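Residue-level listing of the chains:
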Amino acid sequence: MRVGDIAVGRSGDKGDILDLSLVAVDEKSFERLERFMTAERAEQALGLAMPARVTRYVVPGLLALKFVIPGALPGGVHASLHAGMHWQKSAIHILLDLDMDE
Amino acid sequence: MKGEAPVFTIGCGAGFAGDRTDAAARLAASGVVDALSLECLAERTLIAALAARGQTPQAGADPRLRRRLTPLLPHVHSKGCRIISNLGAANPRAAAAQVAQLASALDCPPLKIAAIVGDDVLDRAERVQWDQPVTGRLIGAHAYIGSDAIATAVDQGADVVITGRAADSALFAGPLIPYLDGSDDALAMALTVGHLLECSGQVTGGNFEQPGGGGLDARSLANLGFPLAHLARNGTAEITLLDDDPGIVDRLTCTVQLLYEVHDPSRYITPDGVVDFTETRLEETGPRRVRVSGTKLRGKPKQLKVIGFAEEAGFIADVEIGYAGTGAQERALRAADVLRHRLADWPQDDIRIDIVGLNSILGGASMAANAAAPELRVHVSARCPDGETAQIIEDEVYALTLSGPGGGGSLRSERRRNIETVSGLIDRDLVPVGIEWEDRA
Chain V
7 MRVGDIAVGR SGDKGDILDL SLVAVDEKSF ERLERFMTAE RAEQALGLAM PARVTRYVVP
67 GLLALKFVIP GALPGGVHAS LHAGMHWQKS AIHILLDLDM DE
Chain G
557 MKGEAPVFTI GCGAGFAGDR TDAAARLAAS GVVDALSLEC LAERTLIAAL AARGQTPQAG
617 ADPRLRRRLT PLLPHVHSKG CRIISNLGAA NPRAAAAQVA QLASALDCPP LKIAAIVGDD
677 VLDRAERVQW DQPVTGRLIG AHAYIGSDAI ATAVDQGADV VITGRAADSA LFAGPLIPYL
737 DGSDDALAMA LTVGHLLECS GQVTGGNFEQ PGGGGLDARS LANLGFPLAH LARNGTAEIT
797 LLDDDPGIVD RLTCTVQLLY EVHDPSRYIT PDGVVDFTET RLEETGPRRV RVSGTKLRGK
857 PKQLKVIGFA EEAGFIADVE IGYAGTGAQE RALRAADVLR HRLADWPQDD IRIDIVGLNS
917 ILGGASMAAN AAAPELRVHV SARCPDGETA QIIEDEVYAL TLSGPGGGGS LRSERRRNIE
977 TVSGLIDRDL VPVGIEWEDR A
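Here the protein sequences line up with chains V and G, keeping their order. The first sequence: position 101 = 107 (this note's numbering), numbered continuously. The second sequence: position 401 = 957 (this note's numbering), numbered continuously.
Just chain G, same shape as in the assembly (with noise of 0.2 Å):
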């Protein structure tokens, strides 16, 4: 790197909850990387957190923290591991005191766990200012916490450490910053490695197809390496996969990662600083390796971001049921005509009608379909004020069995609360974030 010599590495543990466990136990067996972060909490896994604790007040943290920190914890001692990870989600105090039982149970050595409190701004929910008027109940409320107290306690020796609702760059920048040079450009570059790690095979040739079609092949896929990035006291980083991992990292996969999600490409905000992507560089400077450098930081907001999760009465009911053989396509397409006849009445917004296989997905954007399908599936998915009103959705499914055109079977149906998602800003001094460290005796 042109004299710039690496002074730490930090690998991608995780991209989302349910991400794979077997890679990022390959990062951390390695040696190679002086850091892993696990992105491990979205909006969908919060709801599902806060509903646990909501049953149980010691519930909250990501139930599946023991099968993915067992193959990481023997690590951090022996190969210089630290671990940081927002998998703490409703309750970062009981995961941190999960992680120390999860170690004891391993015979790892005595680990350092910090908890990073303060996220949860429920009992303050009047006091940020949101997009739109909430009208559902209540069930959540974080703020987007930065990088400041994941930064000191690595600072501090923590070994591991575990974050509700911080930022997803936040979980990357925080281990870097006491290794970086301390300027904005090591900041603002410290944000874009951790956007482009955040999402774990995402930036390795994951969900990317090249163009004019065609992508890593099944078994590529299958043993997908999780990235890395070495970078310099100055920022600058290069993203690589470790030698033996199956991916691809170049220009595209790099570019189509480092602007996923981000919105204005010169203005993503994060609770760390307002970042600009359009003069970042992105250079190939080998095989799977990709030289990142040049983003610059634009302040820091005042405010940080909320997410809330607004629980409207009843349920959502998503019912299907399936169609096979000779005329498979046009008896799908008459139930699901049938279906609009009977629930004529169903307020419009709150229903959608159509077919898997043909246009359930992009709608009328789908593609037309050249050849009759073997197989579909029509499905209803409707807004219920109550689980009476569920019922009737799923009944009027069910009824196609018999009175509805030839063959309907293989049903399938669930019910999901309707909750929707809402956002807003609060102001910093609102929300005091702290240390708790967790003791394993």
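With the rest of the complex left out, here is chain V (with noise of 0.2 Å):
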């Protein structure tokens, strides 16, 4: 099971931060969720594609998980040496693609 099979997800940024939001199907998956995907666990999967360094925040009440990562897109959207910009908006993925299942 990926995590995108029980959560949703999006991608954002503000200057050179990336921003990520995981919100859960439902109250059982959020507690998968939130035991799942830890700070290290996003760090990990995230520090192959960016420098990361990952601060989680725990949203009870909207069954929601943030995962903020500081210094990830240097220099902010135009800055950014991938092909064309906005890559970032993709990063979501690198999350909703993990296995949960081990």
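Derived from the structure by calculation, the hints contain no laboratory data. Just so you know, these numbers come straight off a predicted model, no measurement behind them. Treat the hints loosely; a few may be bogus.
These stretches of chain V come out as covered by chain G in the derived footprint (C-beta under 8 Å, 3 or more residues) [unchecked claim]:
no. : stretch
1   : 7 to 21
2   : 24 to 35
3   : 38 to 48
4   : 68 to 76
5   : 83 to 94
6   : 99 to 107
For glycine and all other residues, C-beta sits at the position ideal for the given N, C-alpha and C.
Dock chain one against chain two, each of which comes alone in its own frame, and use the hints as you go.
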């Protein structure tokens, strides 16, 4: 099972900060997601794509987790060396594609 | 809404500078919304506006103003739909004058048009506490201003309010505030509604896939409706869509948008107040209807956020070459390796070589390809100190057509100015915000 089977997600940014959100489909999924999707696990996965030091926020009332990564986007949107601009809008798929069966 | 009668309905007419115009036109023509707010300014678009103003002092307003407002202005009086937008970009005064000219050309009844000025703080940039040292040449610095002046303009009868770098949420909170009960809770809710609506289709099923995959079909996405909110005096709101517009509004679409780009959900900082979303309640009250309540205000920030743009010398050269046919993947990978040999001396942090179709977006986190791709593109971006050096990068990629793996073609390249986004804080009293009324005469 992927994270994306029990949650929806979205990437955003402000300046050089990457900002990722995951929202679980129900309470049981949220509990599972909260246990699985630790800051360390996110850091490990995201670190393959960018410099990643992750702060995690847990919002039980909204069944949601947030991952905030300062310095992930050096120089901001315009200064990126990726092909085209706004590559970070796809970054949430790094988390959504993580396999939860282990 | 449990006896909370709606007192005001606001719609979102745009979520970024290049957003579609058809959904906004349907909202304005519907007669359902009392105001339409259009968020048209981001880091990238403000840079373009600053560049235009640098060439011509009268420029700097959003160049899409005419296309965007032409279908809306005729409804301002006939349907009672005020327009609030930051498409003033780097020049709200010039934008307000353009709105007046456009209204006249469209034979609209006289409109009361307000320009909100004062966000440009470039001349006070030395008073900004920047998050990091600014090394490049500062080409613009704008404070994120709040909803006060917008609310005042609406209260004084403005039909159209044009701002520069107002905070996105303020474009929505501004027209709402005169109609709410004045409590902190109501302000918190106005900012919440603003945040939910400010990215247009992102709360109505755009940029959204269901858990397990699958989203709206192509026809629905092609005609996606933009959101609207009915608010009670205490700020409690219902988010929904026009009845005939396709889209989804449910707990999931609203929650991912509520948390979008807020960083710490207990302290979302806007110029009007620090907002705590941890107690916000999102309840589905019907198909495509979500009731929003419970957001708390946690004080008002003493300083305003400033966004600045620092131009470093030189360019970013962004070049691609394509490979197709049998063995395309092997040839593309080999071409990338040729470039790594050729450009081995380039400073590592200033160059990126990857393959569009394999790993250009997520780099090492991209999934392994299950099958060799029929077509791929080798991509190089490099920071270059000047135009002559940018030419070297472009030429190296083009040289693959003669001295690289077989069949390289379909080349493209662009040069971007090397502009870094910087942010900082400035004291409020250094940012006097004013209202200038545009006389239509």
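The hints, checked one at a time:
Counting residues of the stretch 7 to 21 of chain V whose CB lies closer than 8 Å to any CB of chain G gives 11, which reaches the minimum of 3, so the coverage claim holds. Coverage of the stretch 24 to 35 of chain V by chain G holds in this model, with 4 residues showing a Cβ closer than 8 Å to a Cβ of that chain against a need of three. Given a C-beta distance limit of less than 8 Å, the hint that chain G covers the stretch 38 to 48 of chain V is violated, as 0 residues qualify and 3 are needed. Here's how the stretch 68 to 76 of chain V fares: 5 of its residues keep a CB closer than 8 Å to some CB of chain G, so the rule of at least three is met and the hint holds.
As drawn, the stretch 83 to 94 of chain V meets chain G at 10 residues by the rule of a beta-carbon pair under 8 Å; at three or more, the given contact holds. For the stretch 99 to 107 of chain V, the stated coverage by chain G holds: 3 residues have a C-beta nearer than 8 Å to a C-beta of that chain, and at least 3 were required.
Violated hints amount to a single one, hint 3; each of the other numbered hints is respected by the structure.
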